[in-house]
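**Student:** Next come the chains, spelled out residue by residue.
There are 2 protein chains.
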Amino acid sequence: MPLERIFMDFIKKPMEIENRSMEIIAPYLKDLNLTEEEVKVYSRIIHAAGDVEYAPIIKLHPQAIAATKTAIKSGCNIYTDVEMVRTGINKRTLAKFGGEVFCKVADEEVKKLAERESITRSMAAMRSFGDKLNGSIIAIGNAPTALFEVLRLVREDHIKPEVIVGIPVGFVGAADSKKALAKQSQIPYITVEGTKGGSPIAVAAINAIIYMLDNSR
Amino acid sequence: MPLERIFMDFIKKPMEIENRSMEIIAPYLKDLNLTEEEVKVYSRIIHAAGDVEYAPIIKLHPQAIAATKTAIKSGCNIYTDVEMVRTGINKRTLAKFGGEVFCKVADEEVKKLAERESITRSMAAMRSFGDKLNGSIIAIGNAPTALFEVLRLVREDHIKPEVIVGIPVGFVGAADSKKALAKQSQIPYITVEGTKGGSPIAVAAINAIIYMLDNSR
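If you read the protein sequences in the order shown, they are chains D and U.
According to numbering that gives the first Met the number 0, the first sequence is numbered sequentially starting from 0.
According to numbering that gives the first Met the number 0, the second sequence is numbered sequentially starting from 0.
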């Protein structure tokens, strides 16, 4: 198609774009034996990455979607490693149930803790949430160190979040941290194998489940 | 390595993580004939995606880095399609030169314009910036419709931004919008071919250039 035509014809209606995108993604999911709700989570992740190669590397704990829905409906909060994840999560629907989204990575106290301990700021941020993580949803979309810290809090300090969406990205620690998440059996999780991931991927997973609870969509 | 060891040994220092990541990425760039500054932009994009397959699909206009540096140093603003891009851009360094980052997608007036015209909100947001886009940096990390609209403003309304970082994502319009960006010759651009892209990718490209101007790093 010549560019002049593309400029006239491109789809401008949000729901049409979303529906067309989900149609394009569907064939890549058909052999994965997913439930209808799992298809929604997978599709939104693939849509957010523009990358169908996510299909075989997404790892969903069998209780993850149900646990997330229950947690949201009971008004629990979401704690994130970075501001981009906090920004992306649909807070309007969450607020209807009483939940909020928190991120501490830019706090002065967290910055000092990170410098004092020679750790990353997102790791210090998760540590400083402490007991608040009990009964919460945790969403990590950037820092492997933040996910390692959450897993340490679960193992050593017996913190019990309802679900961990752990999808940090990169070549240093991300794959290992996500492997450790999938290996523990205490907390339902959503993750992605390997080096890929990132804020929009963690956001996509959470928003897909939030939208299941939003009757206006 | 057993998981217990990984928990003890993972790297916790931010600059060490970044340097190690850049080392891992370097071999994937060596045949691309890049300048030292281009390597920085490519590396940060690949780091943000956790995906070395970005290496051959990144498209940098020869003047893009120089134009972005000049624009930032002259205190120009950055206009984004979505809040996640606004959130991710390093505003501290930008502010030293007098620049700010703006996003209108959540504005009530933009919502009304989008409904009235049956277009996406990010498209309406770019349209409502209007003349402010002259001499600015535009950063699009989500919506193909926003990039199409910016290209229409350049063609039809003779808006002249200094540079367009256009890296929308997805299966509906993203590849076409980025092809159109790379085909025009008026405005220097940074983009990625195909369906991949997203907020952290657009943010990575801009921040890589901002960091070139930050002597404290």
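No lab work stands behind these hints, which were simulated from the structure alone.
Incorrect hints may have been included.
The list cannot tell twin chains apart, which means a pair is met if one copy fits it or any two copies do.
Straight-line distance between alpha carbons at most 30 Å, and here's what the computed DSS-like set of lysine-lysine pairs gives [as the list claims (entries may be wrong)]: (1) LYS90 / LYS110; (2) LYS58 / LYS11; (3) LYS111 / LYS11; (4) LYS111 / LYS182; (5) LYS11 / LYS110; (6) LYS110 / LYS72; (7) LYS11 / LYS182; (8) LYS90 / LYS111; (9) LYS159 / LYS11; (10) LYS29 / LYS95; (11) LYS39 / LYS111; (12) LYS178 / LYS58; (13) LYS159 / LYS12; (14) LYS178 / LYS12; (15) LYS111 / LYS58; (16) LYS39 / LYS110; (17) LYS111 / LYS95; (18) LYS58 / LYS110.
**Student:** Are the CA atoms of LYS178 and LYS58 at most 30 Å apart within a copy, between copies, both, or neither?
**Tutor:** Within one copy, since 10 Å is at most 30 Å while 33 Å is not.
**Student:** First find the shortest C-alpha distance between LYS29 and LYS95 inside one copy, then the shortest across copies, and answer within, between, both or neither for a cut-off of 30 Å.
**Tutor:** neither (34 Å within a copy, 51 Å between copies)
**Student:** When no copy is named, should LYS11 and LYS110 be tagged within, between, both, or neither for a Cα gap of at most 30 Å?
**Tutor:** between (43 Å within a copy, 14 Å between copies)
**Student:** Evaluate LYS90 and LYS111 at a C-alpha cut-off of 30 Å and name the case that applies: within, between, both or neither.
**Tutor:** both (29 Å within a copy, 20 Å between copies)
**Student:** Give the relationship of LYS159 and LYS12 under a CA distance limit of 30 Å: within one copy only, between copies only, both, or neither.
**Tutor:** Answer is between: at 27 Å across copies they meet the 30 Å cutoff, but 42 Å inside does not.
**Student:** Between the shortest in-copy and the shortest cross-copy C-alpha distance, which are at most 30 Å for LYS111 and LYS95: within, between, both, or neither?
**Tutor:** between (35 Å within a copy, 23 Å between copies)
**Student:** Within a copy, between copies, both or neither: where do LYS159 and LYS11 come within 30 Å Cα-Cα?
**Tutor:** Classified as between; 24 Å across copies, 43 Å inside a copy.
**Student:** Please sort LYS39 with LYS111 into within, between, both or neither, judging by C-alpha distance up to 30 Å.
**Tutor:** between (40 Å within a copy, 29 Å between copies)
**Student:** Up to 30 Å between alpha-carbons, please classify LYS39 paired with LYS110: within, between, both or neither.
**Tutor:** between (37 Å within a copy, 26 Å between copies)
**Student:** Is it within a copy, between copies, both, or neither that the alpha carbon of LYS178 lies no farther than 30 Å from that of LYS12?
**Tutor:** For LYS178 and LYS12, the Cα distance is within 30 Å only across copies (21 Å; inside one copy 39 Å).
**Student:** How would you label the pair LYS111, LYS58 (within, between, both, or neither) given a Cα cut-off of 30 Å?
**Tutor:** The answer is neither: 35 Å in one copy and 39 Å across copies each exceed 30 Å.
**Student:** Can you tell me if LYS11 and LYS182 fall within 30 Å by alpha carbon in one copy, between copies, both or neither?
**Tutor:** between (43 Å within a copy, 21 Å between copies)
Comparing the model with each numbered hint stated earlier shows that hints 4, 10, 15 and 18 do not hold.
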